[in-house]
Amino acid sequence: MRYLPKSPADREAMLKAIGLRSVDELFAPIPAKYRLNRDLNIPRQMAESEIVDFFRQRSRENGDGYTSFLGAGAYFHYRPVVIDSLISRGEFLTAYTPYQAEISQGTLQSIFEFQTMICELTGMEVANASMYDGSTAAAEAVMMAVRLTGRRSVVVARSLHPEYREVLATYATHQGMPLAIAGFADDGRLNLKELEQTITPQTACVLVQSPNFFGTIEDVNAIADLAHKHGAMLVVSIAEAVSLGIVEPPRPADVIAMEAQSFGVPLGFGGPYCGVIATREKYVRQMPGRLVGQTTDKQGKRGFVLTLATREQHIRREKATSNICTNQALVALMVNIFMTVYGKVGLKELAKQNLAKTAYAAAQFAKHGKVMFGGTPRFNEFVVQTSEDPYAINSRLLGHKMVGGLPLKKFYPELGNAALWCCTELTTRSAIDTAVGLVAESERSVRSAKEEVEEVAR
Amino acid sequence: MKHITRKATRHVNQNEGLIFEKSSAGKAAWKLPPLDVPEIDTTKLLGASERKDLGSMPEVSEIEIIRHFTRLSTWNYAIDLGMYPLGSCTMKYNPRVNEAVARVEGIANGHPYQPEKISQGALRIMKTLSEALIEITGMDAITLQPAAGAHGEMTGLLMVRAYHQAQGNARKKILIPDSAHGTNPATAAMVNYAVEHLKSDARGTVDIAALQAQMNEDVAALMLTNPNTLGVFEQDIHKIAEILHAKGGLLYMDGANMNALVGKARPGDFGVDVMHLNLHKTFSTPHGGGGPGSGPVAIKKALEPFLPTPVVTTKSDGTLAFDYNRPQSVGRVRAFYGNFGMFVRALAYIQANGPDGLRQTTEDAVLNANYIRKGLEGVYDLPYSTPTMHEVVFSDKVQAKKGVRTMDIAKRLIDYGFHPYTTAFPLIVPGALMIEPTESESKEEMDLFIEAMKSIAEEVEEDPQTVLDAPHSTRVSRLDETAAARKPVLRWKPSA
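Residue numbers (the working numbering), protein chains in the order written: chain F, 1301 to 1758; chain D, 1214 to 1709.
No wet-lab data here; the hints were simulated from the structure. Positions of the beta carbon are idealized from the N, C-alpha and C atoms, including for glycine. Honestly, I wouldn't trust all of these hints.
What the hints assert, rightly or not - Listing some non-contacts, in silico: residues in chain D with all C-beta distances to chain F over 12 angstroms:
id, residue
1, A1354
2, D1420
3, M1428
4, H1458
5, K1615
6, G1616
Stated by the list, open to error - Listed below are the simulated SDA-like cross-link pairs for lysine to any residue, each with C-alpha atoms no more than 25 angstroms apart in a straight line:
id, chain 1, residue 1, chain 2, residue 2
7, D, K1656, F, K1648
8, F, K1648, F, R1379
9, F, K1582, D, K1700
Claimed, not checked - If we take Cβ atoms under 8 angstroms as the criterion, some of the chain D residues that face chain F in the derived model are:
id, residue
10, A1291
11, Q1327
12, A1478
13, F1549
14, I1563
15, P1600
So that you can see chain F by itself, here it is in the shape it has in the complex (with noise of 0.2 angstroms):
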């Protein structure tokens, strides 16, 4: 087996060094009834050429080469050639989490900066190592809040991304945590009236995304004085990172739960992608989750530690703040080279572009459909409603190589026929064109069919 490094003489020697006959003394302590005496149902050893070809077929037969107008919580940005090459160095790639920071500053110090870049583009003033992902961030972000409130019941923006959601119902189910949906409105945006009859005085948090899910910006300000004057805090949840670069933070906020793949992670089918979570310095030992501090050594030379540890698992058990030990670090150390290559200005000018081509393709599309939530400011997706059912028109967008906004029906049936559109830098006038074209095309053909009966009942 190539990854092993022993030829059968080495083995020889060290069964013969420990007085050892066979390998199988060593496997002595496994009671023979539950040994396993036969090669297990597997496929067989494959040589690296074979990998590579059954990866490339798998890669051939999962949308390679296609268009997309997919976001919804996973984001197509362009990703700088020098995020791969700097964490495939084996010193970041085949590290373990830096415990001994005597010889794991090249980590401490990628994570403080991390850190500072996250406070810095959200406007909080710490910032943890990672979180698992957008969802889980979330959902952990409120647990913090039921902790520093010792309240337990939490108001959920409807407009909140559905799987995240999903995940939050999933972790509050056995804690003891009642969860309550506030709507959204005419305008796409959380209905705060509904919000103010949704808080109780047993409200620890109100939780929201902006961009929320239909790409439109809440009025934050609004929503943190509300849920601020029922002694609730705020947490906002921000799926679309590249938004940091043209929308004004959350900064009346608490809690910030980020979701960080748009910053240089690849899509990935879903993972692994890299959550975040920010807050204020007063809430910081109630955050879960890995940080990194500055300190001194014994010359008085700066270095870096893994620091406030006494929330975390190891140490605190089953008292921690959360039972997170492994984080993302590879994928906060993509993120954290992205934030650096973009910087202050890119960063500015990559939103900039998100933001100018989503408008054109929504001005578009609101020629021959309906664009749903349009007086809103939004970032870089948009509703449109038509008349023909998105998964119809969809499949006439495969035929074209063609991705197509993502049907809300599953998610949001009182939508009906809306569709959730997302346009990047990466996304071509010439691509946007031709979607709106089919679209058109679909409703230009409802139209004349329904014209059509019209003219024969006549």
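Position chain D relative to chain F; hints supplied.
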């Protein structure tokens, strides 16, 4: 330094400040293509939501970024540099073909919501991996959704709870041996189960009499690591399972130490009902400085209705699909389908090994741990003489007499060119040195390790201060962790 190290030599490495300290206005490492749609008026589009300033985000050039991160990387130890014997963490070689195939276009850029018709490749990868893991564990069904081991534990206990609930009583507590990983009790708390500790016997394994006494209808499950954190196989595993099952309880296995069993024994065969795997340990996906992980949970038939949604199924036409219609499911534990990129890597690893390679891997991992045990027995105290599987736990009992503790020995090991073992865990061994070499180490590398450990033991006798002040060869010496926690500095700030 009196004792010389044969493995490592000091060499120059570059100093490097924080990226913010290199930033200055006008430098850039990016270039966007010309906009092919009309320019926009951001203020008109966004109104009050428009962001004006990005604070102190850096402005640097591409070469500076390459040098910055390359320099930082050289300050890390890594498996690629040498033995990384962290017990319980299974720091094995991370094959490069795994990385190559994870980056193939259609795999790297697949959108989680793209139509199933054009997701057959990803679904096939998930199905093939699931089948292999089910066979390896001897279980009946699996979910790949959990993002890491602890997340898998939570998912597993959610299913345990749902199973008991369906029988009419969710039960109240989880039994956890005193040798367990910290994630076990932390997870039980997250699923709202009380934790009851179970003491180990003189062999370091579950005390059967204690288990018998503590087991009753309030106990939902026992969370057992097998081999346990001492690297010892629970020989009475069938008895343990019987005791639990007799009172309707379930046996949960923490699969952190599965590297001792793959191809040699299957948890499903010895009475385990639920278990999680760590793809980043046993199945070679990289630890990457702390993650990402992946923590699939394998279960017996009785728990199948409770799997998180969605589940991959085969349709009548032979194509694959996601099944969301599972009324008894515990729900979702993560958005989308889990850390898919890790599934790709784990499957590539299984394919590279095949049944014979996996068996040989396990045999080598156990051989290596026993070789180290033999090499260091008598030099370091071995608190439990029970046979060793994939890792061996010594204690600092002998060295502590000179005031040298496990962490000091660990720090000195750095000077000898090795990453330390796991210190002070498991908690049942005071001053533990927990050593897991994995199968990835050659005889030569382990001989150097044994030599280094012996040399340090001599230093403890002759010159304990050298060990107490270690490491001596790193760019920073021991860091002030107390100060870091007392006045936390968790981000860089521009100087006023």
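Now the hints, each set against the structure:
Listed as outside the interface, A1354 (chain D) is consistent with that label: its C-beta sits roughly 16 angstroms from the nearest C-beta of chain F, beyond the 12 angstroms cut-off. No beta-carbon of chain F comes within 12 angstroms of the beta-carbon of D1420 (chain D); the shortest separation is about 17 angstroms. Annotated as non-interface, M1428 (chain D) keeps its C-beta farther than 12 angstroms from every C-beta of chain F; the closest such distance is 20 angstroms. No Cβ of chain F approaches the Cβ of H1458 (chain D) within 12 angstroms, the least distance being about 16 angstroms, so the stated non-interface status holds.
Separation of K1615 (chain D) from chain F is adequate, the least Cβ-Cβ distance of about 21 angstroms exceeding the 12 angstroms criterion. With a closest Cβ-Cβ approach of about 18 angstroms to chain F, G1616 (chain D) is found to remain outside the 12 angstroms limit, as its non-interface label requires. Distance restraint check for K1656 (chain D) and K1648 (chain F): the Cα-Cα separation of roughly 54 angstroms exceeds the 25 angstroms cut-off, and the hinted pair is therefore not satisfied. The hinted pair formed by K1648 (chain F) and R1379 (chain F) meets the criterion: a straight-line CA distance of about 16 angstroms does not exceed 25 angstroms.
With a CA separation close to 12 angstroms, the supplied pair K1582 (chain F) and K1700 (chain D) stays within the 25 angstroms bound. At about 4 angstroms, the closest approach between the beta carbon of A1291 (chain D) and any beta carbon in chain F falls short of 8 angstroms, and the interface hint on this residue holds. Evaluation of the Q1327 (chain D) hint against chain F yields a held restraint, the C-beta minimum of about 5 angstroms falling below 8 angstroms. A distance limit of 8 angstroms between C-beta atoms decides the matter here; for A1478 (chain D) the minimum to chain F is near 5 angstroms, and the interface restraint holds.
At a threshold of 8 angstroms, the smallest CB-CB gap from F1549 (chain D) to chain F is about 3 angstroms, leaving the interface hint in force. Satisfaction of the interface hint for I1563 (chain D) is found here, the shortest Cβ-Cβ separation to chain F being roughly 6 angstroms, below the 8 angstroms cut-off. At a threshold of 8 angstroms, the smallest CB-CB gap from P1600 (chain D) to chain F is about 5 angstroms, leaving the interface hint in force.
Hint compliance for this structure: hint 7 is the single one not met.
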